[in-house]
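Colleague: The chain contents come next:
There are 2 protein chains.
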Amino acid sequence: SVGWSDLDRKAVDTVRVLAADAVEKVGNGHPGTAISLAPVAYLLYQNRMRLDPTDPHWLGRDRFVLSAGHSSLTQYIQLYLAGYGLELEDLAALRTWGSKTPGHPEFRHTAGVEMTTGPLGQGIASSVGMAMAARRERGLFDPEAAPGTSPFDHSIYVIASDGDLQEGVSSEASSIAGTQELGNLTVIWDDNHISIEGDTDIAFTEDVMARYAAYGWHVQFVDWTHGGEGYVENVDALNAALDAAAAEVSRPSIIGLRTIIAWPAPTKQNTHGSHGSKLGTDEVRGLKEVLGFDADKTFDVDPAVIAHTRALAQRSATVRAEWETTYQAWRTANPDRATLLDRLQAGELPAGWADALPTFPAGKAVATRAASGNVLSALAPVLPELWGGSADLAGSNNTTMKGEPSFLPTRRSTKEFAGDEYGRTLHFGIREHAMGAILSGIALHGPTRPYGGTFFTFSDYMRGAVRLASLMGIAVTYVWTHDSIGLGEDGPTHQPVEHLAALRAIPGLAIVRPADANETAQAWKSILERNSGPVGLILTRQNVPTVPRGTDGYASADGVDKGAYVLLEASIGTPDVILVGTGSEVQLAVAARETLEAAGIGTRVVSMPSQEWFAEQSDAYREQVLPAAVRARVSVEAGIALSWHKLVGDAGRTVSLEHYGASAAFETLYEEFGITAAAVVAAAHESI
Amino acid sequence: SVGWSDLDRKAVDTVRVLAADAVEKVGNGHPGTAISLAPVAYLLYQNRMRLDPTDPHWLGRDRFVLSAGHSSLTQYIQLYLAGYGLELEDLAALRTWGSKTPGHPEFRHTAGVEMTTGPLGQGIASSVGMAMAARRERGLFDPEAAPGTSPFDHSIYVIASDGDLQEGVSSEASSIAGTQELGNLTVIWDDNHISIEGDTDIAFTEDVMARYAAYGWHVQFVDWTHGGEGYVENVDALNAALDAAAAEVSRPSIIGLRTIIAWPAPTKQNTHGSHGSKLGTDEVRGLKEVLGFDADKTFDVDPAVIAHTRALAQRSATVRAEWETTYQAWRTANPDRATLLDRLQAGELPAGWADALPTFPAGKAVATRAASGNVLSALAPVLPELWGGSADLAGSNNTTMKGEPSFLPTRRSTKEFAGDEYGRTLHFGIREHAMGAILSGIALHGPTRPYGGTFFTFSDYMRGAVRLASLMGIAVTYVWTHDSIGLGEDGPTHQPVEHLAALRAIPGLAIVRPADANETAQAWKSILERNSGPVGLILTRQNVPTVPRGTDGYASADGVDKGAYVLLEASIGTPDVILVGTGSEVQLAVAARETLEAAGIGTRVVSMPSQEWFAEQSDAYREQVLPAAVRARVSVEAGIALSWHKLVGDAGRTVSLEHYGASAAFETLYEEFGITAAAVVAAAHESI
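Order-wise, the sequence lines are chains A and B. Mind the numbering: the first sequence is residues 1 to 688 in this note's numbering, read in order. Mind the numbering: the second sequence is residues 1 to 688 in this note's numbering, read in order.
Hints listed in this document are in silico derivations from the structure and should not be mistaken for laboratory results. Be careful, since some hints might not be right.
Claimed, not checked - Estimated spans, in silico, between C-beta atoms of each pair: (1) B:A615 x A:A629: 44 to 54 Å; (2) B:N531 x A:E658: 16 to 26 Å; (3) B:A615 x A:E671: 24 to 34 Å; (4) A:G553 x B:A598: 54 to 64 Å; (5) A:A237 x B:W353: 51 to 61 Å; (6) A:S618 x B:A210: 38 to 48 Å; (7) A:A629 x B:G674: 24 to 34 Å; (8) A:A237 x B:N531: 55 to 65 Å.
Stated by the list, open to error - Here are a few chain B residues that sit away from chain A, every Cβ distance over 10 Å (derived from the structure): (9) R50; (10) A92; (11) T149; (12) G227; (13) A378; (14) E385; (15) N531; (16) Q587; (17) Q617; (18) R622.
This one's a predicted model, so the numbers in the text were calculated from it and none came from an experiment. Yeah, the Cβ is synthetic: ideal placement off N, Cα and C, and Gly gets one too.
Next comes chain A alone, as it looks inside the complex (with noise of 0.2 Å):
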């Protein structure tokens, strides 16, 4: 028994009272389930968890997702009582323009908040990435330690609502999480029959349970309602399961709780009218009524309540000293892993570190998909943090670094790819979404660096997730190959042709899409060194040439990391043309220069690969690119031109594609679609 007191009792009613005020008083939100989540969301922080309020990137803390996050109030107030830094007087201004409490909890902005949630079924997906995360921190740090002896042992909890289980994204993780067999992760999914279309008998019938014993999940199911026979929230036979969740420890495990929304509200209770809308003077005050709370005040909360609950630090250090004690003993037996660690958390790269860097000759043709492949075996060694793989499409995407292990329950191993618990090369079957969500959730637990590769075209699928990576800016990297219809036979399904474009357009999304082999290099170093916001790195299928740098007036690839830089200046002081590329492109761009040049026309080449880095340049350096003064401009990219027309003006021309491709050799393509040196030469033509 988890042997509440009559002051726990208290401090769970207070929680629904202060929801309903909370979400009263701005006159928007979502109290329902806030309200009947209470004893659970207390449960959790009061008696389960370990945490520490002192300190929210405890490294040894469980962590906690609030899947269903449009229920933000359900985190907010434990974090409020629990002593995280928020105060009634941040609860009383939800919802409002500059507050701590915005509709749906923000990582890096509410203390406490593990992750960005609101858009559905990503909590729970990201949630396996951290209890992946967490297993491969064991296995860097503490891989020999007995089970539960490491202080990297800790368990991901996760609140999931209806939706979440409804959401596609998290049909992918989960079956993943059952493949990886993933102990250290315990959903609760509230199951409470209502969404905002009401009863979900209209659109959610199947057996959840079944589904997640199919995933090889460890289910069990704790009905509040003890059918229909009278609502108790036995809160006993929730920590029960809670118990039984945490005792099995090769598989996740998935709590159904049955409850009634809004529980015990008089007359919203079980009514979607309680899920996204006040609940009206009325209602808050028949809650507060049937809750014994004095219907006239508001945000008011029994001191005592309060001093029990923020207690919880005294509880709490008691757990964080023993875990300090282990801590240094593994520190003190394990210096060399304590140094990996100090670095990793610091977020810096080992001295030196670039010096594994592959360069590649000039003259050999070389697709970047494939330069790309090179580096990441380079950089194992050095970098044990940089972890990843594919979404089935190791073999073209080039995410294996060689000879690194599968992450992946021995057992699983196979024929193609062995693997341990503790391995570091990803699979993520065929589920390009929740690649996205676990990438973000292994960013999200830290210490590690992930990377995940897809076909470009693909990254559609994704995009929930790398919206919701730009949005809380986590350092993932999205390696995004076969990006054009260079990619050929495969035809239009497979051909990205407004990607780069629509990519783009995500604030907090840098897109990098490297010329040559060089270039290529160059985009990991400048990744790895920003470690800043999610980045795609766009890679080619086919070969493309490498140019020789340093000779024949080719620039150096460095400037990648300013975005943009001249790869080849015109022969006279002032350039009459601008030629701007990008990727498979710029070679296109080389080849027009050459006739241009021919022709007496003073020809620059800039090589573009991110405009995102590029606009990140002083004025001063953006002017030395691509001067004011020259207006005559021409970009080429195999991809729509959307992205282009600022930058080279209303003088300027785009050499582009506006339609989808087709299925044909790419030579073939390039030709028949007009994506040519000679048309970059026409186009310039025009433009001056």
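With chain A fixed as given, assemble chain B onto it according to the hints.
Modeller: For chain B alone, kept in the frame of chain A given last:
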């Protein structure tokens, strides 16, 4: 027993060698599955499906979806054998420029292909939509007929790969199919344990059959490896399973079929090497030898084989003739319904239908989502072909036609939504991606017209399906509401910022963002009349003023059909500046015009609900709206400026939002982020 003759078996083996030859000739492609699934596809095309090779659009046909689109030869070779118009030279032209046999099957490109497939998961998810469309069709035209007696009774068959079942979109759609009890849907899952990274044990260890049982499907498993005892293609067992699936009318069916990829290729069977690469000369020879074919010949088909398979046309003629009798009897008995069917098949609207469209009085502010809801309810009685719903946001998206029953097995009715199997209001649950794919399936099936709604920000989740619909050019309408920071307190996870630009980027997709209630009505009118590619209708959560059309200088809303029009003319002949707005920001342009005109600056306001529709207009019309001579232009839209640079040009200015939103009242957000009339005025001064 299906009773295959030696000639049938030789035909099946001919499929295998043709698949190997076709890939070998072009040098790339996917031979493995086409070889091992030869008997499966042959069984469906030659023995089971109701089809008419002489009329690929026959109303009474079964639908076949090759969800495993990479195995396009599986379909092409059956179309060749059955006589749909493909010949040996087409197979020999696989994956080459201009051929009828592109890398993945393409709708409208190759006769007999019902859907473009290749992006995994889309085929099976859209097939759920086809099955729903078939039921709705029956409900519209022949609801009283006893099961199996109607000319509208037919089935949907799908071949799905491991990848199809790993993708989240298929999980979402399969759950919906279970709720909807789609007895007319049969999926064959090719369980070959091989994907691109080899043995699927690294990422796909779930119990798929148990998962589908949990969705409420009828599940069967047929093991051609006989538990490893030896590979025998037991076609009779598969046929019996198909019989059982056909007999099950109240649940969708999945048949797990354990196969060995590329069987019986001598060395590459059961390897991922046979999945996505040519087999190589020796292996192709080996395959032919195993099968008793002349290894020196390519594309060699025994005339007896092709004569036998093409005799399908005669066998089908009998089925077709029986159907015609029933169909004509139905027409005679149901003249009004027959008239409706003829109209829908012709893609026409009924005379005078537009009279039903509401007109909204000036003065009263109305959210465009609310106006859209009014339009849909008003159209319900006149356009029975129109139906749709929402991904659990019906009340927010205003997608329910008033009084129309839900499309739902009667026993699933809830207190919020009563329905029956032939109902009209769709409930997708919180599954945006499946909604997108299902809408495509409905449109592909015909003859009805579907729409589906969610919050605009979650268009990201649907993007895979939206792109495919755009590529196919099918008429579906996405109702995307809550279209900007104007949604207010839900904050940045829910506020679209980049979405307008990112969706305008997709070729073939039209984005329409009406400025007020009457533009919304006109937008629906144009969408329904155009009946061409997909349209995203972008609607506000918040109220926007309904402008006084035809008075005070305001133009009528008819101009929406041209994508952009002069809403308010400058007071002088040639405007000094043109303000271009969309949606809820048009009111800011109108307010700014007042200030500018008061300062003596001739100011035109252009409402541009659709850049795509505007781009379709004549040069003359576009020049009329945006005269080249007027270079002072300001765009105003509560999103990134990306899609406006080309339209406003070097001298123009954009009032935009280049970063994520925040959680607060929308009025605060507009003010804090500088999306105001004052900002438009200032930008206009700069531009002039």
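Colleague: Hints first: check each against the structure and report whether it holds.
Modeller: Going through the hints against the structure:
About 31 Å separates the C-beta atoms of A615 of chain B and A629 of chain A, a value inconsistent with the hinted range of 44 to 54 Å. Checking the proposed 16 to 26 Å range against N531 of chain B and E658 of chain A shows it holds: the Cβ atoms sit about 23 Å from each other. Checked against the hint of 24 to 34 Å, the pair A615 of chain B and E671 of chain A passes, with Cβ atoms roughly 26 Å apart. A hinted range of 54 to 64 Å for the beta carbons of G553 of chain A and A598 of chain B is consistent with their spacing of about 57 Å.
At about 58 Å, the beta-carbon gap between A237 of chain A and W353 of chain B stays in the expected band of 51 to 61 Å. Restraint check, S618 of chain A to A210 of chain B: a C-beta distance of roughly 60 Å breaks the suggested window 38 to 48 Å. Distance hint for A629 of chain A and G674 of chain B: a CB-CB separation of about 31 Å, consistent with the stated range 24 to 34 Å. For A237 of chain A paired with N531 of chain B, a C-beta distance near 56 Å keeps the hint of 55 to 65 Å intact.
In this structure R50 of chain B is separated from chain A by more than 10 Å, as the shortest Cβ-Cβ distance comes to about 28 Å. The claim that A92 of chain B lies off the interface holds: its Cβ sits roughly 14 Å from the closest Cβ of chain A, which is beyond the 10 Å cut-off. No beta-carbon of chain A is positioned within 10 Å of the beta-carbon of T149 of chain B; the least distance is around 29 Å. G227 of chain B, annotated as away from the interface, keeps every beta carbon of chain A farther than 10 Å; the closest lies near 20 Å.
No Cβ of chain A approaches the Cβ of A378 of chain B within 10 Å, the least distance being about 22 Å, so the stated non-interface status holds. At roughly 23 Å, the least C-beta separation between E385 of chain B and chain A is larger than 10 Å, which holds for a residue marked as non-interface. Here N531 of chain B stays apart from chain A, with its beta-carbon at least about 21 Å from theirs, past the 10 Å limit. Every C-beta of chain A lies more than 10 Å from that of Q587 of chain B, the closest at about 22 Å, which supports listing it as non-interface.
Distance check on Q617 of chain B: its Cβ is at least 17 Å (rounded) from any Cβ of chain A, clearing the 10 Å threshold; non-interface status holds. Distance check for R622 of chain B against chain A: the nearest CB is about 16 Å away, which clears 10 Å, and the non-interface claim stands.
Checked against the numbered hints given earlier, this structure breaks hints 1 and 6; the rest are met.
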